[in-house]
Amino acid sequence: MGFLKKYFIAYGIVVLLLVVFLKWHKEKSFSNDLLTQMLTAQSRSKYRTDDPCLYTLAGEPEVAGQYLKLTFLCPGKEARFSLDYRAIVKKTVGGAIEELFRLNGVTLDSSKLKCKQGGREVSLTDPIVNQDNIECLVL
Amino acid sequence: MPSFMNKKSWLIGFFLSLVLVIGYQLRVKNSVNVPLPGQSLDEYSNAWVGLSLIRLGVPVGISGLSGIATYPSYINPDRVFSSTVPGGALAISYPWFDHPPLMGLVSGSVAYLRGDRVFEDVSTATIRKPIIWLSTLNIALIFLLAYLWFSPLTAVLAALLYATSPLAIVGGRMVQAENGLVPMWLISLCLLALAEKYNKTDLIRLAAFFAGLAVLFKLSGVVAIISGVLIIRKRRDLIEFLAISISIALLFVFYGLAIDGREFIAVLMSNAERTYGIGLNAVYDLITSTKITSTKYLTDGWPLVGWLALGALALKRKLSPLVICLTSYLAIYLLFGSVSYGWYRIPFLPFLFIAAGYFLAEGITGLNPLLSVIVLLIPLGINLGKIFEGNPLPWLISIFRFGTFGLILLALTSLVWPEKRILSLAVRAGLLLLLVAAIASNIVYAKMIDVNYWYKVN
Chain A
0 MGFLKKYFIA YGIVVLLLVV FLKWHKEKSF SNDLLTQMLT AQSRSKYRTD
50 DPCLYTLAGE PEVAGQYLKL TFLCPGKEAR FSLDYRAIVK KTVGGAIEEL
100 FRLNGVTLDS SKLKCKQGGR EVSLTDPIVN QDNIECLVL
Chain B
0 MPSFMNKKSW LIGFFLSLVL VIGYQLRVKN SVNVPLPGQS LDEYSNAWVG
50 LSLIRLGVPV GISGLSGIAT YPSYINPDRV FSSTVPGGAL AISYPWFDHP
100 PLMGLVSGSV AYLRGDRVFE DVSTATIRKP IIWLSTLNIA LIFLLAYLWF
150 SPLTAVLAAL LYATSPLAIV GGRMVQAENG LVPMWLISLC LLALAEKYNK
200 TDLIRLAAFF AGLAVLFKLS GVVAIISGVL IIRKRRDLIE FLAISISIAL
250 LFVFYGLAID GREFIAVLMS NAERTYGIGL NAVYDLITST KITSTKYLTD
300 GWPLVGWLAL GALALKRKLS PLVICLTSYL AIYLLFGSVS YGWYRIPFLP
350 FLFIAAGYFL AEGITGLNPL LSVIVLLIPL GINLGKIFEG NPLPWLISIF
400 RFGTFGLILL ALTSLVWPEK RILSLAVRAG LLLLLVAAIA SNIVYAKMID
450 VNYWYKVN
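First to last, the protein sequences are chains A and B.
Its first residue numbered 0, the first sequence is counted upward by one per residue in numbering that gives the first Met the number 0.
Its first residue numbered 0, the second sequence is counted upward by one per residue in numbering that gives the first Met the number 0.
In short, the hints are calculated from the structure, not lab data.
All C-beta atoms, glycine included, are put in the ideal place defined by N, C-alpha and C.
Incorrect hints may have been included.
What the hints assert, rightly or not - In the DSS-like style, the derived pairs of lysine-lysine whose C-alpha atoms are separated by at most 25 Å in a straight line are:
1) B:Lys-199 <-> B:Lys-317
2) A:Lys-113 <-> A:Lys-68
3) A:Lys-45 <-> B:Lys-28
4) A:Lys-113 <-> A:Lys-90
5) B:Lys-290 <-> B:Lys-315
6) A:Lys-22 <-> A:Lys-76
7) B:Lys-290 <-> B:Lys-419
8) A:Lys-111 <-> A:Lys-45
9) A:Lys-27 <-> A:Lys-76
10) B:Lys-317 <-> B:Lys-196
11) A:Lys-4 <-> B:Lys-290
12) A:Lys-5 <-> B:Lys-455
13) A:Lys-4 <-> B:Lys-233
14) B:Lys-128 <-> A:Lys-45
15) B:Lys-295 <-> B:Lys-455
16) B:Lys-128 <-> B:Lys-295
17) A:Lys-5 <-> A:Lys-45
18) B:Lys-199 <-> A:Lys-5
Unchecked claim - So, partial list: chain B residues that the calculated Cβ filter (under 7 Å) puts toward chain A:
19) Gly-56
20) Ser-72
21) Tyr-73
22) Asn-75
23) Val-117
24) Phe-118
25) Asp-201
26) Thr-292
27) Gly-310
All chains, please: the whole structure from these sequences, using the hints.
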């Protein structure tokens, strides 16, 4: 049993070092800004486009009632999207468009859009609620 | 004699190198797109866990557990939201403790070293690479283990079958914790077999270390500890093995407590209450189907050959370590249940292929090749069916039909008249030919599985 005694002394030291290192690393490295950046920054290899109708989103979010519909009318085509309302950080028309553009790598300036909600024209700063259906014309 | 041994060693070494090259090439080809990126988001989540541990000191990943705080987020690596992932945001949680962190660290470290810094940078082109290396390493480990447990011929066949089986190839690309657990378990078993052969206690200690590491990939890696305990005979060795392996496995607990003790315990409790969704027909489903992701089934006959061979091995008076390993993992597989994802089955494969190799080797060198001939028709028939799907070749069907008819009758006749040596030789030659055809068909079928083919797989 001599070996196990030595082993557990070494093991205790390793565990201590591991715990101290993990706590120190978390303390030194974690920040909400970095976390947000890692979650939301676009890939360096992502193809960028100014056409909001180029990429689609497959399917619908499976969240009852917690969705937002966005339609883009581009020259000669249109694209429809359903977003998970909970994942939109800024709850405005512009915030929803920004989230979708980030997701699809769209570089189009949002001021080149003319958006409507239920036939009524809305601005990018107007608030949104779940189940909204926004339609934007690309100027 | 030494020169002969040298020649034999060189030959085996050359063969193994060749099989490793073939196995690696088959795994690399189409590896970026098959399985489709996003078909299992766990692949990205695992890498994100590693990447966030490196950059933030806190693991961040997708959680499937109930009762744990999650943050719906859209992250679109490889543009998965335009292809395989239907619309919904990802349930991101942190600190993420759903599973131990080693698979995350393996794939996340490779991603980090290749310059990935944010989650969307992570792509299958990067993170599947280390898994392919591990899967190729498995070929060598399977060879060594089959060599130590059975015979050189079993080792050759098991390695060749594992290297070329379409199921092992595609499964061996996925960034799933099972693909890290398996090599650790195999190394542990190889060390245990070597320890027994050379009577070396140090090797048992090292085996215990790797058995503990298997748990740090996934909790189901506890099978490496269980099988080790059942294989080791001496009480003192057993105590050391248990003490070392459990202490290594417990590093997961210290890791969790160090990062966020309260959240770690909450996740453990949630994991314990997870719904048992594997179904009561799990064993039947396991033996009769070859699931690869949560939705895709890639038909491959070799696992069934392995299950049949397990039956033959289990009937022997002396309990084989192979039977111990397969049935231990079966017990763990049924216990850990959850939803029956294809990758839960990955740890069965090395042992099923060793069993299949043993069975075929017995057919070639043993007294009764008839059963080997019959079971070989399972994978060969499936492979040929897939290769010639939609393009049936009448001449091939005729060869298969009359060839198998002739070979089975010949094998039967050789058993009725065992004194006719020529019959027995002819049957063995036929069996070898069938084996070569089965392996060749493995390679052709595996090479066929590109992204277009994958869409047709269901």
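Going through the hints against the structure:
no.: 1; hint: B:Lys-199 <-> B:Lys-317; verdict: holds, 23 Å
no.: 2; hint: A:Lys-113 <-> A:Lys-68; verdict: holds, 16 Å
no.: 3; hint: A:Lys-45 <-> B:Lys-28; verdict: holds, 23 Å
no.: 4; hint: A:Lys-113 <-> A:Lys-90; verdict: holds, 18 Å
no.: 5; hint: B:Lys-290 <-> B:Lys-315; verdict: violated, 30 Å
no.: 6; hint: A:Lys-22 <-> A:Lys-76; verdict: violated, 53 Å
no.: 7; hint: B:Lys-290 <-> B:Lys-419; verdict: violated, 44 Å
no.: 8; hint: A:Lys-111 <-> A:Lys-45; verdict: holds, 23 Å
no.: 9; hint: A:Lys-27 <-> A:Lys-76; verdict: violated, 50 Å
no.: 10; hint: B:Lys-317 <-> B:Lys-196; verdict: holds, 17 Å
no.: 11; hint: A:Lys-4 <-> B:Lys-290; verdict: violated, 46 Å
no.: 12; hint: A:Lys-5 <-> B:Lys-455; verdict: violated, 58 Å
no.: 13; hint: A:Lys-4 <-> B:Lys-233; verdict: holds, 19 Å
no.: 14; hint: B:Lys-128 <-> A:Lys-45; verdict: holds, 20 Å
no.: 15; hint: B:Lys-295 <-> B:Lys-455; verdict: holds, 10 Å
no.: 16; hint: B:Lys-128 <-> B:Lys-295; verdict: holds, 22 Å
no.: 17; hint: A:Lys-5 <-> A:Lys-45; verdict: violated, 53 Å
no.: 18; hint: B:Lys-199 <-> A:Lys-5; verdict: holds, 19 Å
no.: 19; hint: Gly-56; verdict: holds, 4 Å
no.: 20; hint: Ser-72; verdict: holds, 5 Å
no.: 21; hint: Tyr-73; verdict: holds, 5 Å
no.: 22; hint: Asn-75; verdict: holds, 5 Å
no.: 23; hint: Val-117; verdict: holds, 4 Å
no.: 24; hint: Phe-118; verdict: holds, 6 Å
no.: 25; hint: Asp-201; verdict: violated, 9 Å
no.: 26; hint: Thr-292; verdict: violated, 16 Å
no.: 27; hint: Gly-310; verdict: violated, 40 Å
Checked against the numbered hints given earlier, the structure breaks hints 5, 6, 7, 9, 11, 12, 17, 25, 26, 27 and satisfies all the rest.
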